[in-house]
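**Student:** The residues making up each chain are set out below.
Number of protein chains: 2
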Amino acid sequence: MKLATLRNGARDGSLYIVSKDLQTAVCVTSIAENLQWALEHWSAVEPQLQAHYTQLNNRALDDIIQFSHCPLESPLPRAYQWADGSAYVNHVELVRKARGAKMPDSFWSDPLMYQGGGDSFLGPKDNIPLLDPDWGLDFEAEVAVITSDVKLGVSTAAASQAILLITLVNDVSLRNLIPNELAKGFGFFHSKPSTAFSPVAVTPDELGNAWDGAKLHLPLYSYLNDALFGKPDAGTDMTFDFPRLIAHAAKTRTLTAGTIIGSGTVSNCDRTVGSSCIAEKRMLEKIATGEINTPFLQDGDKVKIEMLDNKGLSIFGAIEQRVVMQDETL
Amino acid sequence: MKLATLRNGARDGSLYIVSKDLQTAVCVTSIAENLQWALEHWSAVEPQLQAHYTQLNNRALDDIIQFSHCPLESPLPRAYQWADGSAYVNHVELVRKARGAKMPDSFWSDPLMYQGGGDSFLGPKDNIPLLDPDWGLDFEAEVAVITSDVKLGVSTAAASQAILLITLVNDVSLRNLIPNELAKGFGFFHSKPSTAFSPVAVTPDELGNAWDGAKLHLPLYSYLNDALFGKPDAGTDMTFDFPRLIAHAAKTRTLTAGTIIGSGTVSNCDRTVGSSCIAEKRMLEKIATGEINTPFLQDGDKVKIEMLDNKGLSIFGAIEQRVVMQDETL
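Chains A and B, in that order, are what the protein sequence lines are.
Numbered per the UniProt record's numbering, the first sequence spans residues 1 to 330.
Numbered per the UniProt record's numbering, the second sequence spans residues 1 to 330.
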């Protein structure tokens, strides 16, 4: 099943079911007004939503609309919890190496995770506001899961059952604000402005064999200004899988339905597949030649993030965002 | 006006108006089902809520209930954004001094703020679960404001207008998990389990001259096992006032209605007034004698946090929580 949220002027938008081929959609607000509500009542509404999905794919429904030009919110336009891991530890090691710092061995066994701001996400086609080019605007292509309620201290084994939906992420970052924030010791705040998610979130069964209950084994494609930037496989070199990340997040508190847990920048040890963020490419340049050549995002740049199934069809739709210089006083 | 949320089995509870003397309350779900909704429609509902408040105080309403034994949620049982500052910089300097570290001068001009988890707060009378005594459970008595929508890049002057409500906080912390999390550089996560707020949140006009539009000039009382632990004045030695903290939070992203911005542990340079958390007392002991005598919270300990007006009456009601050892697998 594929779910999307259409922009309707309300903060949570309207819930739609989207066809497998992403061509058509049908409003399901009569079942669940929005995705947050659906997630909170999942066992009750999921069978009805699945029935609509089957009918939509069979073209057995009236009131269907073309999905391609719909005004989109992220599937959850806002979330009570957005916690982002950094599960591809080779990426962390690389970034540290580039600045001459050794990574603690514990990073291979103790996940990194930061608390993100979830009150206002960007939509998958929304512009990314550029407030100050000196802040080093970057994209980060990631995979994320959306959970049910999760008990305090959940085991990794049980955490797998909490995964209701899977989505793609552009974890927009302001690289040049990070060093000061890390030095202050309180984690990211200014350096992580609003995040964007893919047009649809999908149930695990949509992914077939590519989803093993813990990792998503498909390449994640990132494009910068229509040129391929990277296609690392999200299932390769993922040191901590999603159940492990969920269990980590729930170590000292419960997680409630609609919690989004991100993978962190997808990255493979095989550097020939490219990168999922500009920062990694810059670090590779620095290590290779001592010189950084790729600039961070500038006014007018276009970012596209997408994942294709084994037939080459888009699973989640594409995050497609343009960077637009913005007056800070707006 | 004083607002409370009663536990009703739903995630957002039911909105009630509470009388000035905290004795009676009336359900106002016919105006706004819950506080989050009220905050999102504040200009429309605030006059109606104020009218009910006036009638309640004049005992001119039917259907009033006694407030003292109501099952309470925090005013916002969950929030899309909970961002906590550390505005009493003398406290930060003290903690650093105790471990022999010099605090960067920039901390006096650039606020510290962390992104908290907001998906499930504790109620003001809820037990604090103790999972592992070695984690160093602590309370932190703070003041917080709840905002309207706030524009990206808002000025400090304009940010003052965004303050709709004021509340007290117990920012529950796990002190012994902090050093490892700070070393990892991604900020607090495990070390900040669910936070609790006072029984009522109040509009600024409730505070009279004690509220100057930016700071709350009254002592904040903390008790540990019925003994006074500290009564620092929240308006004294607050390096960054609330408008400044809001402007800081909105530097790179918008804030949406229902955002909670905390002050951080209230602390005065005059140490004779005591402390608002155990960690500060331990650091004072260490500096004075080289020996730490006060343990962190143990099973059965009671914490109370309250603020009184100039007549000695409770403004927000008391946060009163008991620490209860909990099986981690619950």
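Any given hint could turn out to be false.
The list treats identical chains as interchangeable, and a pair is accepted whether it falls inside one copy or across any two copies.
As the list claims (entries may be wrong) - Below, in silico cross-link-like pairs of lysine to aspartate or glutamate (DMTMM-like), each with a Cα-Cα straight-line distance of 25 Å or less:
hint, residue 1, residue 2
1, 102, 63
2, 251, 132
3, 125, 291
4, 125, 270
5, 184, 21
6, 184, 237
7, 184, 110
8, 215, 63
9, 20, 237
10, 215, 132
11, 281, 62
12, 151, 327
13, 184, 105
14, 251, 291
15, 251, 12
16, 311, 33
17, 184, 93
18, 151, 63
19, 102, 327
20, 281, 327
21, 20, 301
22, 304, 40
23, 102, 299
24, 125, 105
Don't read these hints as lab results, they were simulated from the structure.
**Student:** Please go over all the hints and tell whether each is borne out by the structure.
**Tutor:** Hints and how they fare:
no.: 1; hint: 102 / 63; in the structure: neither (58 Å within a copy, 66 Å between copies)
no.: 2; hint: 251 / 132; in the structure: between (37 Å within a copy, 11 Å between copies)
no.: 3; hint: 125 / 291; in the structure: neither (33 Å within a copy, 58 Å between copies)
no.: 4; hint: 125 / 270; in the structure: neither (30 Å within a copy, 53 Å between copies)
no.: 5; hint: 184 / 21; in the structure: neither (47 Å within a copy, 42 Å between copies)
no.: 6; hint: 184 / 237; in the structure: between (30 Å within a copy, 20 Å between copies)
no.: 7; hint: 184 / 110; in the structure: both (22 Å within a copy, 10 Å between copies)
no.: 8; hint: 215 / 63; in the structure: neither (36 Å within a copy, 54 Å between copies)
no.: 9; hint: 20 / 237; in the structure: neither (29 Å within a copy, 59 Å between copies)
no.: 10; hint: 215 / 132; in the structure: neither (36 Å within a copy, 31 Å between copies)
no.: 11; hint: 281 / 62; in the structure: neither (48 Å within a copy, 67 Å between copies)
no.: 12; hint: 151 / 327; in the structure: between (44 Å within a copy, 12 Å between copies)
no.: 13; hint: 184 / 105; in the structure: both (23 Å within a copy, 11 Å between copies)
no.: 14; hint: 251 / 291; in the structure: neither (42 Å within a copy, 31 Å between copies)
no.: 15; hint: 251 / 12; in the structure: between (29 Å within a copy, 24 Å between copies)
no.: 16; hint: 311 / 33; in the structure: neither (33 Å within a copy, 48 Å between copies)
no.: 17; hint: 184 / 93; in the structure: both (21 Å within a copy, 13 Å between copies)
no.: 18; hint: 151 / 63; in the structure: neither (39 Å within a copy, 37 Å between copies)
no.: 19; hint: 102 / 327; in the structure: neither (39 Å within a copy, 38 Å between copies)
no.: 20; hint: 281 / 327; in the structure: neither (29 Å within a copy, 46 Å between copies)
no.: 21; hint: 20 / 301; in the structure: neither (30 Å within a copy, 55 Å between copies)
no.: 22; hint: 304 / 40; in the structure: neither (31 Å within a copy, 33 Å between copies)
no.: 23; hint: 102 / 299; in the structure: neither (35 Å within a copy, 40 Å between copies)
no.: 24; hint: 125 / 105; in the structure: neither (39 Å within a copy, 42 Å between copies)
Of the numbered hints stated above, those contradicted by the structure are hints 1, 3, 4, 5, 8, 9, 10, 11, 14, 16, 18, 19, 20, 21, 22, 23, 24, listed in ascending order.
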